[in-house]
Amino acid sequence: MRIALILILFLIFMIPKEACAEDIAALEAQVKQLTQVVYSLKTTVDTQQQEIADLKKTYQIKYQTPTPQPASLATILPPKFTPEIGAVADVVAKLDSSKVDPENVNRVSVRELELVLGSNVDPYSRLDATIAFNDKNEIDLEEAYLTRFGLPFGTTARIGEFLPKIGKMVPVHRDSIDTVDEPFVIQRYFGDEGMHKAGVDLTKVLDLPLPSVHQVTVGVIEGGNGDGGTAFGPARRRPTLYGHLKNYIDITDVTNFELGVSEAVGSNDNDASFKTNVFGVDATLRHTIAQDKEIKLQGETFVLNRRESIDEFDATTNPSGDFWGGYGLFDVRLSSQWGAGFRFDYVEPVDRLLADPNKGEIGYTGYLTFYQSEFARLRAQLSHIYLTNGSIDDRVFLQGTFAIGEHKHKLQ
Amino acid sequence: MFKLKYLIRKSTVITLLSCVALSTVPCHAGENPLKVVATQTMYSSVVKEIGKDRVDVKYVAPPKFNVHFIQPKPTDVRNITKADLYVDAGLDLEAWSDSLLEAAGKPEFFRGREKNVDMSKGIRLLEVPDHQLSRAEGDIHIYGNPHYNMNPENVKIMAENVLEKLKSIDPANASYYEANEKAFISRLNEKITEWKKLCANCAGQEILSYHKDIAYFADFLGLKAEQYIEPKPGIPPTPKHLEFLEEYVKANHIKAIVMPTYYPKDAAEVLAKRVGAKVVTICQNIGELPGTDDIFSFFDYNFNQISEALK
Ligand SMILES: [Zn+2]
Numbered sequence: 000m001r002i003a004l005i006l007i008l009f010l011i012f013m014i015p016k017e018a019c020a021e022d023i024a025a026l027e028a029q030v031k032q033l034t035q036v037v038y039s040l041k042t043t044v045d046t047q048q049q050e051i052a053d054l055k056k057t058y059q060i061k062y063q064t065p066t067p068q069p070a071s072l073a074t075i076l077p078p079k080f081t082p083e084i085g086a087v088a089d090v091v092a093k094l095d096s097s098k099v100d101p102e103n104v105n106r107v108s109v110r111e112l113e114l115v116l117g118s119n120v121d122p123y124s125r126l127d128a129t130i131a132f133n134d135k136n137e138i139d140l141e142e143a144y145l146t147r148f149g150l151p152f153g154t155t156a157r158i159g160e161f162l163p164k165i166g167k168m169v170p171v172h173r174d175s176i177d178t179v180d181e182p183f184v185i186q187r188y189f190g191d192e193g194m195h196k197a198g199v200d201l202t203k204v205l206d207l208p209l210p211s212v213h214q215v216t217v218g219v220i221e222g223g224n225g226d227g228g229t230a231f232g233p234a235r236r237r238p239t240l241y242g243h244l245k246n247y248i249d250i251t252d253v254t255n256f257e258l259g260v261s262e263a264v265g266s267n268d269n270d271a272s273f274k275t276n277v278f279g280v281d282a283t284l285r286h287t288i289a290q291d292k293e294i295k296l297q298g299e300t301f302v303l304n305r306r307e308s309i310d311e312f313d314a315t316t317n318p319s320g321d322f323w324g325g326y327g328l329f330d331v332r333l334s335s336q337w338g339a340g341f342r343f344d345y346v347e348p349v350d351r352l353l354a355d356p357n358k359g360e361i362g363y364t365g366y367l368t369f370y371q372s373e374f375a376r377l378r379a380q381l382s383h384i385y386l387t388n389g390s391i392d393d394r395v396f397l398q399g400t401f402a403i404g405e406h407k408h409k410l411q
Numbered sequence: 000m001f002k003l004k005y006l007i008r009k010s011t012v013i014t015l016l017s018c019v020a021l022s023t024v025p026c027h028a029g030e031n032p033l034k035v036v037a038t039q040t041m042y043s044s045v046v047k048e049i050g051k052d053r054v055d056v057k058y059v060a061p062p063k064f065n066v067h068f069i070q071p072k073p074t075d076v077r078n079i080t081k082a083d084l085y086v087d088a089g090l091d092l093e094a095w096s097d098s099l100l101e102a103a104g105k106p107e108f109f110r111g112r113e114k115n116v117d118m119s120k121g122i123r124l125l126e127v128p129d130h131q132l133s134r135a136e137g138d139i140h141i142y143g144n145p146h147y148n149m150n151p152e153n154v155k156i157m158a159e160n161v162l163e164k165l166k167s168i169d170p171a172n173a174s175y176y177e178a179n180e181k182a183f184i185s186r187l188n189e190k191i192t193e194w195k196k197l198c199a200n201c202a203g204q205e206i207l208s209y210h211k212d213i214a215y216f217a218d219f220l221g222l223k224a225e226q227y228i229e230p231k232p233g234i235p236p237t238p239k240h241l242e243f244l245e246e247y248v249k250a251n252h253i254k255a256i257v258m259p260t261y262y263p264k265d266a267a268e269v270l271a272k273r274v275g276a277k278v279v280t281i282c283q284n285i286g287e288l289p290g291t292d293d294i295f296s297f298f299d300y301n302f303n304q305i306s307e308a309l310k
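If you read the sequences in order, they're chains V and F. Residue numbering for the first sequence follows numbering that gives the first Met the number 0, beginning at 0 and increasing consecutively. Residue numbering for the second sequence follows numbering that gives the first Met the number 0, beginning at 0 and increasing consecutively.
Heads up, some of the hints might be wrong.
[Stated by the list, open to error] Footprint (simulated), chain F over chain V, 3 or more residues, beta carbon under 8 Å:
| id | segment |
| --- | --- |
| 1 | 118–124 |
| 2 | 153–164 |
| 3 | 199–213 |
| 4 | 244–251 |
| 5 | 332–338 |
| 6 | 364–378 |
[As the list claims (entries may be wrong)] Derived pair list, reagent style DSS-like, types lysine-lysine, alpha-carbon separation capped at 27 Å:
| id | chain 1 | residue 1 | chain 2 | residue 2 |
| --- | --- | --- | --- | --- |
| 7 | V | Lys407 | F | Lys81 |
| 8 | V | Lys292 | F | Lys277 |
| 9 | F | Lys63 | V | Lys295 |
| 10 | F | Lys231 | V | Lys292 |
| 11 | V | Lys409 | F | Lys63 |
Read the hints as simulated data drawn from the structure, not as lab findings. Quick reminder that beta carbons are idealized off the backbone N, C-alpha and C, glycines included.
Can you build the whole structure from these sequences, using the hints too?
Here it is in structure tokens:
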């Protein structure tokens with residue numbers, strides 16, 4: 000507005016004295032015009048000012064959060080380029096009635112100290128690694144794999160060393176299982192601590208017009224077993240192919256059922272033509288009663304079919320080379336601090352240098368778990384085992400599992 | 000026996016192949032509602048208020064359980080693989096959320112990514128730690144208290160967060176979402192005035208809470224909450240701590256012990272009996288109790304409960 004006034008004054012002063020009357024009239028008209036413009040501008044400015052004030056008022060009503068904020072998220076979030084780092088210590092004391100195996104009995108040991116690392120690599124993938132140390136000064140690279148998300152057809156791929164999705168128990172980390180030791184069928188066929196292998200696998204949730212959920216995984220991993228396993232031969236260069244189909248349904252809001260089928264095909268010798276077929280079925284029924292109160296019934300069975308080149312055994316004892324084993328688990332979470340359960344085991348050993356290869360190992364296991372907090376857990380376990388050689392073995396385990404840092408469990 | 004196994008093997012392979020074949024059949028196209036998965040009922044409710052019939056919303060955490068400790072199910076994984084948008088609490092309230100998104104293989108829903116709505120954005124956080132944290136302090140909230148759903152003023156900020164994202168991924172319906180949000184906010188403003196009036200008796204009084212999940216509720220009503228039944232977040236009460244609380248409640252004339260439905264009630268009830276206080280249910284989740292099924296009835300219930308208890 001001021002500028003407009005100055006402009007008008009300037010124009011008035013600029014009028015030459017000898018200007019003619021006509022010019023003056025024209026100028027007067029111009030001044031009138033300009034004044035009108037100035038007034039219309041002023042009203043516009045006034046109304047806008049009023050609108051701004053109104054908006055401010057409504058804005059303040061809408062957002063009563065005081066400014067400035069005491070702490071913005073940007074200042075309190077740690078820099079996220081450092082990977083998630085966690086450690087899990089697994090301390091086990093074991094008492095065994097057996098006199099035959101002097102090595103792993105009656106001792107307290109740090110069975111494992113797991114160092115867990117993980118982070119997103121880029122917008123498409125994530126790297127996870129687990130390095131396990133034990134008190135025999137051994138280091139084991141349990142996992143080191145890249146997960147590639149969002150591949151065509153909604154598939155997710157894993158590449159590297161990982162726990163293959165064979166059945167229900169093999170893919171689960173040791174610190175997440177319900178008992179101190181793996182079920183016998185897992186120990187004897189896949190390895191004392193389960194099995195981790197280098198390979199590639201693809202997982203996809205199927206898009207079917209059903210209320211149930213179906214997820215399929217197919218993979219290729221290096222051959223062989225975990226330590227102590229006997230399902231496959233020791234040759235790591237002949238790969239094992241595997242597939243898993245998970246079928247899941249919510250029966251009610253609090254009850255659900257899962258049925259899985261797995262198949263793994265590998266070699267049991269250096270010769271590629273000798274095949275081991277492992278077929279597995281797993282079933283899990285879960286019922287949640289309330290917060291921290293849950294019942295779980297889980298069972299899993301594996302059938303092993305081995306074709307041998309030279310049948311060094313009497314063909315009548317086990318002509319087809321079929322073996323099977325399984326377990327049934329009943330687990331109850333009683334409260335936020337207590338849990339208990341029971342496991343039944345049966346497994347036919349692949350080791351044929353036995354008096355009666357059709358006779359399996361039978362185990363009855365009970366356990367009680369105390370959760371001191373979310374990150375510290377104590378467990379007592381008692382096992383009564385009928386070994387294939389006819390002897391009976393009683394084992395007592397005491398276990399403490401303690402976690403520090405960041406350690407997120409993968410969804411199973 | 001071998002033949003049988005061979006057959007089983009064959010049938011497994013056929014099953015797997017047919018499943019893969021079925022899954023590649025293209026999905027129905029056309030004017031479908033936007034598919035949204037929210038971590039909790041509060042967020043699914045906010046999305047529904049703004050998206051109305053143009054959104055199809057599902058939630059992960061069942062409202063009768065503690066949202067800190069949820070075990071997501073394969074059904075949630077499947078819902079996420081089909082979704083267009085994911086809404087979560089941000090911060091460290093839902094520690095299970097990252098694993099869920101990884102299992103679904105949807106990196107576009109990860110924190111900070113284009114199809115993730117972080118409801119904590121713009122919320123004035125309370126109890127932000129001012130020192131280096133340690134787990135010796137319990138299972139604490141590392142970024143500040145994440146239970147911000149308990150203050151209806153914060154619902155307005157959440158609505159703004161949802162509106163912004165819905166507009167950006169579905170610009171064709173922007174004006175529809177805007178109109179719904181405006182109507183929702185004005186109704187909420189009316190209710191807030193009503194709730195403040197109802198709870199005028201609460202201001203300045205002190206309450207005892209089970210978990211450190213009441214700060215925003217207390218802030219809204221001008222309540223004081225400084226002690227908890229849990230000696231440290233996530234740690235169950237000890238006899239020694241309960242003894243201390245007995246003295247504390249008496250000395251400070253505390254009338255109400257507040258807690259949601261999913262924590263064990265025994266310790267609070269014993270304490271309440273000894274000191275002559277009341278145990279009051281204050282829901283943390285929409286739908287935690289019958290009759291708390293939407294945003295308004297949820298806050299109605301909570302504010303009625305507290306104002307009644309502190310009379
Ligand atoms: Zn909390």
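Here is what the structure says about each hint:
Check on the segment 118–124 of chain V: 3 of its residues sit with their Cβ under 8 Å from a Cβ of chain F, so the three-residue criterion for coverage holds. Residues of the segment 153–164 of chain V with a Cβ under 8 Å from some Cβ of chain F number 3, which satisfies the need for three, so the listed coverage holds. For the segment 199–213 of chain V, the assignment as covered by chain F holds, since 8 residues bring a beta-carbon within under 8 Å of that chain's beta-carbons and 3 suffice. Counting residues of the segment 244–251 of chain V whose CB falls under 8 Å from any CB of chain F gives 4; the rule of at least 3 is met.
Figure legend: the segment 332–338 of chain V, annotated as covered by chain F; annotation consistent (3 residues with Cβ-Cβ distances under 8 Å, at least 3 required). With 3 residues carrying a beta carbon less than 8 Å from a beta carbon of chain F, the segment 364–378 of chain V meets the three-residue requirement, and the given coverage holds. Only pairs whose Cα atoms come within 27 Å are accepted, and V/Lys407 paired with F/Lys81 is accepted, the gap being roughly 24 Å. Our distance criterion of 27 Å between C-alpha atoms is met by V/Lys292 and F/Lys277, whose separation comes to about 26 Å.
About 19 Å separates the Cα atoms of F/Lys63 and V/Lys295, which keeps this hinted pair within 27 Å; it holds. Annotation: proposed proximity of F/Lys231 to V/Lys292 holds, straight-line Cα distance about 22 Å (limit 27 Å). Annotation: proposed proximity of V/Lys409 to F/Lys63 holds, straight-line Cα distance about 24 Å (limit 27 Å).
Violated hints: none; the structure is consistent with every hint.
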